[in-house]
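Next come the chains, spelled out residue by residue.
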Amino acid sequence: MQHNEPDRNNNAGQEARRDFLKQSTLLTALSLTPSVVVQAAEKHLDEKAAAYFEQVTLKLTINGKPYTLSVEPRVTLLDLLRERLNLTGTKKGCDYGQCGACTVHIDGRRTLSCLTFAVMHEGQAVTTIEGLAEAGPQGKLHPVQEAFIRHDGFQCGYCTPGQIMSAIGCLREDRANSPDEIREYMSGNICRCGAYNNIVDAIAEVKKGGQKV
Amino acid sequence: MINFQYLRASSPKSAIDGVRTDLSAQFIAGGTNLIDLMKRGITAPPKLVDINNLPLRDIADEGKTIRIGALALNSTVADHSLILKKLPLLAQALNAGASAQIRNMATVGGNMMQRTRCPYFYDPSLPCNKRAPGSGCGAVAGINRMHAIFGLEPVPDQHVCIAVHPSDMCVALAALDATVEVWGPGGNRTIPFTGFHRLPGSNPQKDNTLQHGELITALRLPDNALATHSHYLKIRDRASYAFALISVAAALDLKGKTIQQARLAMGGVAHKPWRLTEAEQVLIGKPATEATFREAAQVAMRGARAFEHNTYKLKLAPAAIVEALTRAAG
Ligand SMILES: Cc1cc2nc3c(=O)[nH]c(=O)nc-3n(C[C@H](O)[C@H](O)[C@H](O)COP(=O)(O)OP(=O)(O)OC[C@H]3O[C@@H](n4cnc5c(N)ncnc54)[C@H](O)[C@@H]3O)c2cc1C
Ligand code: FES
Ligand code: FES
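Protein chains in written order, with the UniProt record's numbering: chain A, 1 to 213; chain B, 1 to 330.
It should be emphasised that the hints constitute simulated quantities derived from the structure, not laboratory data. Take these hints with a grain of salt, some might be off.
What the hints assert, rightly or not - In silico lysine to any residue, SDA-like type, Cα no more than 25 angstroms apart, as pairs:
id : chain 1 : residue 1 : chain 2 : residue 2
1  : B       : K39       : B       : P124
2  : B       : K13       : B       : E181
3  : A       : K92       : B       : I42
4  : A       : K65       : B       : I42
5  : A       : K92       : B       : R40
Quick caveat, the model's predicted, so the values are computed rather than measured.
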């Protein structure tokens, strides 16, 4: 299935809004990024300057589905997921790399989606918390999701998607061999509710059970 | 964040050309430092050149040296069998930095280029000569708990900048005699690691000696006999995921109990990773005992000077040196 996200904008109101945004962003660009615009003007690209540096075509696979998108370079992967694609399972805690709430996997590696621009991931595969369970309402949860439920690995749940994505990374990297090792390699995920002990127990259980993550 | 022009470079040459032609353009690698600074309005490059597609990720044994590509991820380097076997100090220092997720994004070149974490640098409403030259240093008479004790100007009220370099990896690289391979508009050159970062002098806005448009392509680390006895000690406000208050990279080559060679460097104490060559000289030829380590620590602290909130570093630093050497020898 091909998800061409701009299809959603196929009504007149949206188009008008997009044109307005384009123009106003061009004005912003004129006042704020002179060298780019001067360069564009020199190359007689002035009218197209906005398009030239505003939107970049981006192909990504997210949770197994291919997407073709058009995004501004300044959009972080986190904002793309949440604001454009409605994948709000990935949380914005701090937006500065300090809390781990935005953890996703990029080509299988746990990373922070708030500290990377979406355009930097052309052709790569992103997995979010929404991509872990089997599809459908009866779909089986991922073993780490089940372990978090069994061990009460959360209270408010805000940090949980990030904790679970990070925990899977921790297990795959073989860094879950003792409670101390789990604590060290999960230290990038802050839980303001303080569910840490249960999180460590959940991860240790999956490790002990030897399930494939 | 203002928008910017985005270029994905396909060769080192196109990357260098892309940055060279625009004085405010910057490379972007992992993005973990640059995007943070852009979000906070500390820097606002109108153009970013993405270097992630360049073939600079390899880690290779070249016989007498190990070459690490500038785009190798911090986690890849820390987990690499060659590094664990021959340069465990580097692996330890890398693993002491940031978090598992950030190490999966951060590159070796980006780590070297990361800016200071001084709170005055980080807040555009406060004075900072590094961020806004001429605005003054807010830290000298402000909250200077994290700040430098070495490499300071001789006249106390002339401090232009007392920020420290925040990297853990770089402390190990300074100790291990790394060299930096750089390609640029003016050709290729090699910089000894201890000459890569600089002291603030009168232009603290420059953290290092890299010229605009120059691209770090690799690090080279010479073979050494220090792998069995090395230790990276990091002291911070919490057990993990915090920058160093003080860190020490220590490595020894022991014959029996006698020290043949020694390497010692400190982080969190100066505008650059601080190599302690005089203290190393004290260690050579002596037995690896606490008395020897104390003597070296005393020599290491010569010239140190503190401010209102970081006087604790004058005690913590020598204690950390003794501890790191003890663990390295053990
Ligand atoms: C919450 C948090 C905690 C952290 N804790 C620690 C810690 O405890 N210890 C520690 O050492 N670090 C820590 N870091 C910093 C982290 O190590 C750096 O952000 C990271 O190493 C930067 O690498 P990068 O590839 O992401 O660089 P980028 O952000 O992509 O780039 C940083 C700078 O380097 C330049 N650059 C990148 N590559 C090259 C190249 N090849 N040639 C020339 N210039 C280049 C860019 O132009 C940019 O100016 C932390 C970061 C965060 C966000
Ligand atoms: S939102 Fe990304 S680390 Fe906090
Ligand atoms: S469960 Fe509330 S923040 Fe972790």
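Hint-by-hint comparison with the structure:
Straight-line distance between C-alpha atoms of K39 (chain B) and P124 (chain B) comes to about 12 angstroms, which keeps the hinted pair within the 25 angstroms bound. With a CA separation close to 15 angstroms, the supplied pair K13 (chain B) and E181 (chain B) stays within the 25 angstroms bound. Between the alpha carbons of K92 (chain A) and I42 (chain B) the distance comes to roughly 21 angstroms, so the proposed pair stays at or under 25 angstroms and holds. With a CA separation close to 37 angstroms, the supplied pair K65 (chain A) and I42 (chain B) exceeds the 25 angstroms bound.
Restraint check for K92 (chain A) and R40 (chain B): the C-alpha separation of about 16 angstroms stays at or below 25 angstroms, so the hint holds.
Of the numbered hints stated above, the single one contradicted by the structure is hint 4.
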